[in-house]
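Peer 1: Take the sequences, apply the hints, and build the full model.
Here the protein sequences line up with chains A and B, keeping their order. Each residue of the first sequence is one higher than the one before, starting from 36 at the first, in our numbering. Each residue of the second sequence is one higher than the one before, starting from 7 at the first, in our numbering.
Keep in mind that the hints were calculated from the coordinates and are not lab data. A couple of the hints might just be wrong.
[Stated by the list, open to error] Quick look at which bits of chain B chain A covers, simulated, 3 or more residues with Cβ under 8 Å:
| # | stretch |
| --- | --- |
| 1 | 22-28 |
| 2 | 143-150 |
| 3 | 211-222 |
From the three backbone atoms N, C-alpha and C, an ideal C-beta is built for every residue, glycine too.
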Amino acid sequence: MVFNSYTFIAFFAIILVLHNLPISWKAKKINLLIASYIFYAAWNPPFILLLWLSTVVDFFVGRALYTQPNKSKRHMLLVISLIGNLGMLCFFKYGGFILENFVILSNAVGIDYHPAKPNIILPAGISFYTFTTLCYTIDMYKKKSKPVASLLDFSLFVTFFPHLVAGPIVRPPQLVPQFETPHKATGQQLLNGLLLLTLGLFMKVVCADTLLAATSDTIFGSPGNLGMLDAWMGVLAFSGQIFFDFAGYSTAAIGVALCLGFVLPQNFLYPYAAIGFSDFWRRWHITLSSWLRDYLYIPLGGNREGKFKTYVNVMITMLIGGLWHGANWTFVAWGGLHGIYLWIEKALSDSREKTPRMPDSNIPVPVVVQASLAPTLPARGNGGFLYALFTFLLICITWVFFRSATFSAAWRLLRSMAGQALPSGPPLLTTAAILQVGVVITLMLASHWFMRDTTVLKTASKLPWWLLGIVWAVLLILIILSQGTSKSFIYFQF
Amino acid sequence: MKTQLSVKSAVLALLLVLAFVISWELYLRHKGVEADYDDGPELWAYTRGQVYEPADKAVVFIGSSRIKYDLDITTWEQQTNTRAIQLSMVASSPRHMLTNLADDPNFKGKLVVDVTEVLFFSNRGNASPDAGIAYYKGRTPAQKVSFDINKPIESRLAFLNERNCALNALIGEMHIPNRPMVYPFLDFPIGFGVTLFNRQSKMSADFVADTNKQNQVKAIWGLLRNDPTPPMSGKALDKVMQSVTRDVARIKARGGDVIFTRTPSSGFFLQAEHHMYPREAYWDRLLKETGCKGIYYADYPGMASLTCPEFSHLSPADAIIYTNNLVAVLKRNRTWGL
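Peer 2: What follows is the structure in structure tokens.
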């Protein structure tokens with residue numbers, strides 16, 4: 036079930052009513068759990084079994100990990116959890132990719148091997164809930180927090196429908212304590228939640244699907260070389276589309292949870308206002324980047340084992356982060372390119388030997404800042420915006436690999452963007468499409484820059500009530516005019 | 007984080023939205039926009055799910071836009087006592103739909119394939135059928151429920167007419183000049199295509215009476231003249247013929263049957279089609295290679311005299327005449343026990 040559908044409106048209305056009935060807290064939690072299973076089953080009912088399996092195994096393994104005094108048995112339990120979680124992810128998400136590469140490798144060494152193409156359906160959100168459960172068992176292994184007392188609370192933590200299929204990726208201490216005591220939205224939380232839900236839907240339905248998707252699809256789907264203008268417009272459109280699509284989901288998810296009285300972590304903080312790439316990664320998909328920092332980069336050694344090892348660890352983290360997004364080498368290249376950017380940035384930073392600037396207190400602990408890869412570029416001042424713009428343009432280059440189906444398509448588009456390819460046909464984009472992309476991307480960059488140190492709710496609460504009402508109405512009217520017909524969110528496939 | 011939003015903001019927003027929706031709906035109705043159904047993958051997938059009715063109770067139609075306008079489903083159902091399941095898609099080739107039905111072992115029914123040569127004998131125009139087929143195969147329970155909720159809403163509100171009233175259509179109607187050679191936004195006038203729940207397309211009475219609007223559509227067809235792609239021939243055509251023949255044979259082998267139709271066109275559209283797709287090289291060959299019967303409108307006086315107001319599709323009144331004649335031909339030939 037997607038947030039931008041009639042089904043969800045009906046579903047959410049029922050949940051809100053049930054959650055505000057004068058019944059016991061346990062009954063409300065059971066309601067939420069059943070609702071979350073229905074929410075998930077609305078995609079593909081059989082896959083709910085995987086969710087149950089993952090939940091039950093990790094609940095009991097996590098508890099055993101915490102209480103088991105024998106070190107080797109604890110190791111064994113951790114291995115069981117890792118194999119269970121990552122094995123499932125590998126099979127469903129990377130099974131076809133692994134087989135395809137194995138076949139290429141076999142054929143390259145002269146073995147004539149041509150197996151039938153596997154027909155594996157990817158369960159929605161498997162990458163997200165696998166990371167959610169995985170961090171629990173690893174935390175239990177490290178005894179970083181206490182095991183969740185009840186299976187009901189743990190199940191709800193894993194399955195809670197706002198974050199289930201596309202994040203934010205939550206950690207047990209962020210959500211489980213909220214299930215331990217009765218939670219109901221206050222009037223203010225309900226208003227905040229509804230505003231965020233509206234904004235999230237506006238970002239998805241109006242900006243991503245209506246104003247940008249067609250241009251992006253046209254350009255990335257074009258089989259030939261393109262003119263420079265078309266190529267850049269297509270890539271800019273995708274840079275906006277991917278942001279509005281994913282940040283829109285996160286914003287809506289946070290809003291939905293808030294309407295029920297629960298607080299989910301921020302996932303985006305105006306990433307296109309980032310100055311440098313470490314700054315970008317503490318603003319883009321924050322819950323994934325902090326997950327990768329805590330459960331991959333730091334266990335690899337982080338920056339504790341010398342400069343060379345730090346560079347290697349950064350690259351490994353970014354490559355795996357790339358692969359997490361999809362079973363294709365183009366995603367790995369996307370991660371690798373970000374890794375190279377971070378290398379360059381660190382090299383510049385090291386050469387200046389300046390103390391990293393500490394982030395704003397409103398910004399969650401960054402992924403790479405903690406790993407001593409903080410930018411040394413000024414956040415404010417005359418040059419700040421130009422640095423941010425330069426960062427954005429370099430990030431646009433990485434999106435070419437992210438969105439292209441093959442390396443040859445990515446290369447063709449990059450050559451077109453550089454004006455090094457003779458267009459294969461007439462220009463593709465209408466003037467209206469070019470203007471749409473130009474206006475939306477300009478407004479997006481401007482809003483990111485002016486909002487980079489604040490939040491939507493803070494800004495909204497400073498507006499006069501009538502102005503907020505008008506803005507809110509405009510968002511809703513544009514959603515209605517767009518008539519988005521339940522298009523899936525891009526990140527569901529990850 | 008302390009924030010303080012006012013309930014007054016939410017109330018004002020709701021009132022403004024309500025006022026806008028009511029005014030917009032009234033304005034559009036005044037302009038002649040009718041409430042209809044979005045002819046997208048959702049409705050197609052729903053209709054695709056109906057093809058398993060017993061062969062003596064239903065006939066499936068695939069093709070491009072012409073058969074969607076020209077087949078009057080009410081007339082067909084009254085005359086034949088069988089349901090017409092309309093799977094045709096506008097601006098697309100039906101070949102992938104044919105393959106989809108041939109691939110489906112449970113489809114054993116009767117099938118009418120309408121041929122618009124420029125689309126049928128082309129490797130373009132597969133995007134919509136492919137999207138519809140993919141949607142049908144991957145439909146989730148949530149999407150089915152959304153479709154059921156959407157149906158009564160969409161059928162009552164004109165502003166939900168996506169083709170003419172959605173944000174992108176409104177931007178397209180601004181007619182901002184394009185760079186040379188750019189394929190423009192096709193601004194079909196209001197009333198050219200009203201989609202019914204059974205997926206029949208109809209011109210509105212206003213459109214039929216308004217030659218300006220008809221000329222606007224003719225101008226859009228005129229853009230097709232700029233397409234430099236030559237008609238399919240040689241090995242590419244052989245391949246299409248083989249693929250269609252194979253699909254037809256598979257349906258027939260399961261007890262199903264296939265008939266081809268060629269619906270009317272007029273004016274420069276017809277002249278161009280005759281010139282680019284000579285009947286013997288395409289239509290006659292198609293029938294010969296597939297071994298199927300064909301009903302070419304020009305062979306029957308009752309249909310040959312029909313004229314398309316905008317050169318490519320029949321008006322609702324002529325669609326009834328066409329359908330009556332089509333059924334008469336099928337009955338005369340004792341086809342499908344009609």
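Peer 1: Each hint needs a verdict: does it hold in this structure or not?
Peer 2: Quick rundown of the hints versus the structure:
no. : hint    : verdict
1   : 22-28   : holds (count 4)
2   : 143-150 : holds (count 4)
3   : 211-222 : violated (count 0)
Violated hints amount to a single one, hint 3; each of the other numbered hints is respected by the structure.
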